[in-house]
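Number of protein chains: 2
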Amino acid sequence: MNGADRLCDVLLANGIDVTFANPGTSEMHFVAALDRKPAMRCVLGLFEGVATGAADGYGRMAEKPAAVLLHTGPGLANGLANLHNARRAHTPIVTVVGDHASHHLAFDAPLTTDIESLARPMSHWVGRASGPESVGATAEAAIRAAETGRGVSTMILPADSAWGPVEAAPVTPIAWPVPPLPDAPTIERVAAALRAHGTRAGIVLAGRSSYGAALETAGRIAAATGARLFGEVLSARTARGRGRVPLERIPYPIDLALAALKDLDVMILVGGQEPVAFFAYPGKPSRILPESCRVETLAAVGEDEAGALAALAEALDAPAQAAAVPVAAPPALIEGLAGPLTDDAITRVVAALLPENAILADEGLTSGRSFWSLSASAAPHDYLMIPGGAIGNGIPMATGAAIACPDRKVVALQADGSAMYTVQGLWTQAREGLDVVTVIYSNRAYAILRLEMQNVGAGHFGRNAERMLDIDAPALDWVSLARGMGVEAARAETAEAFRDLFKAALGRRGPFLIEAVI
Amino acid sequence: MNGADRLCDVLLANGIDVTFANPGTSEMHFVAALDRKPAMRCVLGLFEGVATGAADGYGRMAEKPAAVLLHTGPGLANGLANLHNARRAHTPIVTVVGDHASHHLAFDAPLTTDIESLARPMSHWVGRASGPESVGATAEAAIRAAETGRGVSTMILPADSAWGPVEAAPVTPIAWPVPPLPDAPTIERVAAALRAHGTRAGIVLAGRSSYGAALETAGRIAAATGARLFGEVLSARTARGRGRVPLERIPYPIDLALAALKDLDVMILVGGQEPVAFFAYPGKPSRILPESCRVETLAAVGEDEAGALAALAEALDAPAQAAAVPVAAPPALIEGLAGPLTDDAITRVVAALLPENAILADEGLTSGRSFWSLSASAAPHDYLMIPGGAIGNGIPMATGAAIACPDRKVVALQADGSAMYTVQGLWTQAREGLDVVTVIYSNRAYAILRLEMQNVGAGHFGRNAERMLDIDAPALDWVSLARGMGVEAARAETAEAFRDLFKAALGRRGPFLIEAVI
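Chains as they are written, first to last, in our numbering: chain A, 3 to 520; chain B, 3 to 520.
Because the hints were derived from the structure by calculation, they are not lab data. No false leads were mixed into what you were given.
One copy or two, it doesn't matter: identical chains are merged, so the pair holds either way.
Only pairs whose alpha carbons sit at most 25 Å apart, straight line, appear in this in silico DMTMM-like list of lysine to aspartate or glutamate: (1) 411 - 502; (2) 411 - 358; (3) 39 - 472; (4) 39 - 434; (5) 286 - 267; (6) 39 - 474; (7) 264 - 110; (8) 39 - 468; (9) 286 - 169; (10) 66 - 409; (11) 286 - 110; (12) 264 - 250; (13) 39 - 19.
As the structure is a prediction and not an experimental result, all values here were calculated from the model.
If we strip away everything but chain A, and leave its shape as in the complex, we get (with noise of 0.2 Å):
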């Protein structure tokens, strides 16, 4: 056997069995060693940002890291924005980026490029093989720290480490240590802080404490403190829909974020940081929360947040439920509903008929940014958002996610300029034949850079920023796109037109796209 061989057992011994590929010559010999091991599942992306988005939605959703493999540098460079939204969102990945054979280095052949300075701004942990013999420590080396730290580690494979030859051995999945659980004073001093302070305090749920037991326990902490629970600005991944402990959102623009938190004294962090300012502005502040606010983190990332807010609602004595959410009806616009289609109509057609236990992948920016006030009275659903705000992230994420979860429906809220970057997602959905509905706000503009223009006080646009911030000439024919990747699809322009498009997407299995001209 060869170190890519060795590579490959030492991924599937500890649980890692999808490879987002797209490879290159220096990676032949792990293909070829892949190609081996029946057990482990590739899944091909044409282009890499696709392939680093994919694992992105996997890892959210599979709580565990996928593997990605890619070519040298430039292979590496192109996937690295959605690994910048996976280190944002705290996802664990295992890239694998081929190299040159070392004694190849030194000739600067053209592919030749120095892939730990691009790797290192995107990953947690960069190491390289140095040798076959090296190619295990090194892999273990590199799924310790993903699963450990929450994030994005990067191994150079060179591409004699992979061919050359080593002792054929059996491999022992990691041992893993037990997350670390915060002190008893931390807990305390948080305790107290709740109890001083009741509605005046807010607690950002970041990483995995907004889903599953852990936002059931923030819901009894809030219950008995009156504290406030949010969402990060742009959450990776939160529990919504009836009967959820409902969270605040922590608004995007930065006049109403600031409003929003105006009241705090004390923030308690869950599995994040600090929420701050998307952008800077020119007289508004980097920090959101008030100069006097004090911060608190119970939890840090990579930490075990459901049993950190465990202990602290045993601290505070909470009660055993959280306090019963009023269940919203559904929607009620589905009947009557006429007329133009408007962003705000897709919203609510998406929220009232999304199917029980969805995924929503959302990366609408400024046209789905009414989803998530509506999404607390759909049908419960895990909500994925773009936490590093690198926009391509969208179709990619959906594709990860419908493979993590192959029997749950996955619903894509996508504006039409970020769905460009990694189009070529839907043709991995048309491949593998993942249950996705990618739902296109046809608006025909980067939206949001047209109100940034407000923004910073330029009103009125010539010829130089319309042609930079429209795209509608030519305007995109998503229909066509869409099949030429293979994928079913169809427009609508109505709004009825649109509730039953997707009324018949959601009836049947398979990638399906609509194109909501708005």
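With chain A's structure known, arrange chain B on it following the hints.
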């Protein structure tokens, strides 16, 4: 005025009047400043790799930089693969990457990244404005580095440097240093080597030496000494066609390269570096020149290749004309052509019908490999390849070349797998009405990787390898994809249908795509 206005003034004062852009929020003040400068042509790409690849194609043809406008670290990351190609092509480019306002960086907002670390591997020069008054000098340093070093300059523009006020002041164009010529001993040493070794000497013409007057001079030197003239494995730009000084292309497959170069005693480099194996293979050398072959540099990158060759020709007392090139008849296949379409038939039709003074952008990879030899008998044209080997260069390169040379027909030979990386470039061709005919070699596989799998000794492919090397299920429908982006398109499945379609496409203006099913 503000820092962004100053940046525009410095760019325009130095002849940089095209900006390939994909902006985001942190660049809104720069967008507003560009909007106040109608002399600047702003060309939008729907993905950053389109913008950087177009700047590469533009710079190769215009012999001056375009500006590229990108959005923070993830935006830069998306553009890096084609900056890599530009770096290897020695194309001058001035990349402007917006960043958060400097005071905002400490808050680690979601889009915060280490832009310098990302930029360095693909950049000749990296700098950051340190306030609005520094923008002018930083931009001048970026332009100077790009032009004198023939490379990628990456200028980081924090939002507060863009929006902060500067004193209005006239901008003086940069006083360009004369590109250096080799010293007399170098000329004499190279001349002596060529005299001594005759046909056992070679000259690799790279950079700006493989077209124009430099190529003609090289032909005179070959006539005087018998030296063999080589083009790089993947050359940035070569003048080809009937009557042009012919170059031998250094082959890409390692065994062919070794065979082609085995008789050389000395190799002279002009405007580039020593050719080496593209990839390493077990048991094969990295160096493709014979062990005993001496290497001499006549002109390094950024030096005056044409002047150096002229001085060398004079030292050699070379004849006034290169040896007459036997004018081959155009490939005689067009009339009798029939039957199923093959990659060979495609390249023959293209070589036969290519109009005078066309630009041929070649990312045909395995399918296009026969074009080089046929191009010698085609009408005179400029031939562009992908020197960095990072696929996804082709469509953007053709786009940028068409903007640099609006009166010339651009023909893009494009492998299907590679085309998908930056397929969004078709939209820019439609928006700008560019005169580009794209020929997609639709073989529905990463054919080059199938060959490489055989090279590594993996003869039989199982399911995992098939799933990573074939892109046939579903087949991409290139006519739909092109139409989805506003580009007219048609499919050819026989040789005669392709010939007729290609002829028709050449006879009209504007972008057209032919899916050539092989």
